[in-house]
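Using the sequences and the accompanying hints, generate a full structural model.
Residue numbers (my numbering), protein chains in the order written: chain A, 276 to 525; chain B, 224 to 1085.
FYI, nobody ran anything at the bench for these hints, they're computed from the structure. Be aware that one or more of the hints could be misleading.
[Unchecked claim] Listing some non-contacts, in silico: residues in chain B with all C-beta distances to chain A over 12 Å:
| # | residue |
| --- | --- |
| 1 | 614 |
| 2 | 651 |
| 3 | 665 |
| 4 | 1034 |
| 5 | 1059 |
[Stated by the list, open to error] For the chain B half of the interface with chain A, some residues (derived, Cβ under 10 Å), not all of them:
| # | residue |
| --- | --- |
| 6 | 519 |
| 7 | 610 |
| 8 | 611 |
| 9 | 613 |
Just so you know, these numbers come straight off a predicted model, no measurement behind them. Note that the Cβ used here is the ideal one computed from N, Cα and C, for glycine as well.
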Amino acid sequence: MTSLTERTPQQRVAVAEDVVKTYGRGDNTVHALRGVSAEFSAGQFTAIMGPSGSGKSTFLHCLAGLDPVTSGSIRIGDLELTTLSRTELTKLRRERMGFVFQAFNLLPILTAEENIRLTGRLGGRRADESWFATIVDTLGLRERLRHRPAELSGGQQQRVAVARALLTRPDVLFADEPTGNLDSTSGTEVLGFLRDAVDSFQQTVVMVTHDPVAASYADRVLFLADGRIVDELSGPTRDLVHARMRRLEG
Amino acid sequence: MWLIARRSFAESWGRLLATLLAALFSIALIGGTVQFSLRAEDAVSGGDASEYFRADVVVQGGSVDPDDTRALPNGEVRLQEVAGEPGVAAIAGDVVLPVIAAGADGDTIVAPAGARTLLRPWVTEPTLNPYRLEAGRAPTADNEVALMRHLADAGGLKPGDTIAVGLPRQTRQMTVVGIVTVQDSSVVAVGDLLLAAPETARREAGLADGAWHSVWVKAAPGVAADQLRDRLRRSLGERTATVRTAEEVREAQASSLAAQGLEISGGIGMLTGVSVFVGLFVVANTFGGLIRQRTRRLAMLSAIGATPEQVKALIRLEALALGLVASACGALLGYPVADALIRMFAHDGFDISAAEAPALWLTVPLSIIGGVLVTQIAVFRAAHRAARIAPMQALRESSSERRERPGLRILAGTLILLSSFVYYGPVPAVLNDGPPGVQRTQAITALIGFGSMVVACALAVFGPLLVRPVGGLIGLIGQLLGGESGRLARATITRNPRRVSAAASSLMLAVALATTALLIVVSANTRFEQAANEVMLAQHAVSTSARTPDGLRPLPRDIAARIEQAPGVTRASALTTTTVKLISPPPRAYQEGEPVLPLYLTVTGADPATLPQVLRLPGNLPALAPGDIALPSVTMRAQQLTVGQGIVVRGANGDVPLTIAGTYHDPTHVFADGALVADATMRQLDSNAGAQVVLVSGGTAAAIMEKVAGVPGATVLDRTSYVEKAAAAITEGSTVMYGFVGMTLLLALFGMTTTISMSVSERRREFSLLGAVGATARQLRAIIHWEAATVVTLGTLLGLGIAVGTVALIHAATGSSYIRLNAPWWLYACVAGAAALVTLTTSALPARRATRVPILARARVE
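This is the structure we're talking about:
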């Protein structure tokens, strides 16, 4: 795996080309993505935005190999996702991707520490203890490692999920509405951590959000409408994002 | 993965409790069966201790049936005929007399491993005496006996105690003077022995002075046993005596016992198969439910990097944890199960309690291996399904099932359905290969039963396809009666067919098992009652409560005279029984090309003058004169015999020529199923034949009981009870079968309870959503109850269908008048009512719990 420090900002971590995703058949066919193409460079924080039903979450799921595409191509590094088997895809996700979901998705039966180490353990790899310590301290989880998810606040649970995603030093971290279930203080904390991961560790982050404030933490914003990328914004601010969104929503 | 499996198991063990119990019971049954088989093996091989171990040659009077190693000699040998032969160093006379012995508590002592209890003479010749006195002394006076250790232990007897000995002619109170063993064993191959003074034994057997059933011979130094055998054969002649070396007799006994042990283990193994099948079904169903409950969690694991193999391993590890816990407990529970089996078999006349309990190091690993195998096989499909859960399911809110391709399900179900012909297929062959009778009916019943289990599996696979129409209909009724909650129930039922089907298939199994057993019991009882009233004219029957491998234990013949003295009794007629072998004409094969099997007939002896007053046997049955025999029409047809034809049978007293005087049919199969002769003929066939039953006209049960109080095991029964009991005694292993059905039903109920309670618990998230949008607890409970109604309807209909189909098939195949569909309608209604009650009770508690959880707390549930 390419180490984070070796990456250059120009290196393309993920590439989507003409991705089409449809659900259902005949009259019930839903066109979620209608030929989406995008590139994601190493050390870049990209937000994906769009109105409800625009296909932003579907695009993220396809990009992460969670949902198969109907046609088109998705590459993570030099690997073509659409040709991989289920097991190969799983191993790819385990080794080169990290995930943060809106619903935290922690295992309630494991402690915070066990949840953080879970992805590495599934791959049979020992965690880099200094990197583990760095993440845990950065995210302020040191005192909560022995607690189970039910004993943590929503913000703490999402921080555990971020730590889990970062521990394997993934090529790209996918976040699906990571602040959707959090209050504004916790949400701000989590977004701060993601930004910090990009700035300090050159982590690539792709995040779906509907919140202009969250999007303003990104380096660029891709706007989707009706299954297509319709706009892109570099160096976003809350107001700029808000304005674009208002325009999209008519 | 082990950590997750361990924690998942620890977290959900409450939900898994019933599964654990079901697995535990299955494993206990495996463990118990293994132990029983080992003990039966020990009882059988332990019984190869032989009273002939000091003898070199055994000379038995008359001819000894080579087809029956437990057959008693049917002639006499005079001691003097053997004593003077060259090469003979010492001799001892022997008598073998079947008796009934009652212990200190008055209960009959059952000999181990299907053997007999025999009165024999103490061997006074030291070089031939195999009996080692463990306590007391040898019997010398007329009323003294020494007992083998098993008899003493089982009956709680010690030297100085009195033992009631039921002899063929009378019951005697004898004094126990010694306890003996043979080759350190408590029993010998032929069973339990009571050793009386030689003259006492000879006199009780009705032998003349100097005559014995057999003579044991010790060869002179330098004379080989086979040399002496050949010499004695030549001098005595093969017609008057059977001469064998003692080693030949021992080998024949051992091989016969081993074959019997194997047969019993095979039968037990088959019944265990049914229990293990139900255990597998239950564990598989519960794990299927667990996978549904954990879909999101497993999908999340898959999303963050768990490969399908790892997800499979997770489920298998959890099953391993379950299997290990269940096995450890099940292995220990196997001991009481084995004890229960031993008691049930002893009740059916096969007692192995004298055998050593097998060592823990042997049974525990075997049970654990069995348990782990059962759970791993059971979770095979669940693990496969878990591995197929897409990571996207972690991100979906809806809990409804994914639509699946019905074609695949139809194909799988059809293949399983077709595989049932592995069992149904051989039924016509069994019908053609064997003569009609209890054994053939049992074999066909077992085959059809196994076939029906496979059909049950197929229906479980088809289940989700049936849920839509049945659930749709029930839901429609619910919608009409219950408004919105009925509509919601209809939607949840039809959109989650697998969940509803899982609960219904557990119920189906329980209903099928219970109904099949009930239908057979009701049908048999009705027939017994009908047949008893048709055939038995006497009001009461006196018989023993104990059984032997051949049926109910015989009573002493003097009992009829005693009963006749009871006030009000007008007639007491004893029916004696013995077994004879058809010698001439030689028996025919059942079908051309089939091997010719020896034909044994259970002959009933009765007083021809009183018989028409106590029994009414349909057919052409004249009053039987001495030398006459009447045979059932089925035997006449099979052997192509005609009335008036002469036959020769070999009884306990040798070959006897008889004339067939008539034919008849005994619909009860218990009074004279094999053949009928007059008392005088019976004395020719077997002078020691015991009375199987005394049929009594007039008098009251209490008055009759008073007269038979001193006879070991004697009880007074009315018509139906006697016929049922006697029939059960000839139907081997009926108690064991009921025991297994009971245990299996318990297993199925455990499974059903778990599946239904899980199907309610797994929807707490769904209920939270409904609660959040305004559904009241009452409405939520209504949804659960309508769903339960679908489970009851589907499970009961399928279960009743399997039961009715199975019984109808058995009747069609065997033509047995005892197994037919004649149960009253209310029986089906009762089964359906019980199924509804159990289902509603099972779902009520989790429904209450699920609807009482606060909305926010429920929303947090995974």
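Against the structure, the hints come out as follows:
1. 614: Given a closest Cβ separation of 5 Å, the condition is violated.
2. 651: holds (48 Å)
3. 665: holds (50 Å)
4. 1034: About 51 Å separates residue 1034 of chain B from the closest Cβ of chain A, which puts it past 12 Å; holds.
5. 1059: Nearest chain A Cβ is 36 Å from residue 1059 of chain B, so the label holds.
6. 519: holds (8 Å)
7. 610: holds (9 Å)
8. 611: holds (9 Å)
9. 613: With a minimum Cβ separation of about 8 Å from chain A (threshold 10 Å), the hint on residue 613 of chain B holds.
Figure legend: structure checked against the earlier numbered hints; the only hint not met is number 1.
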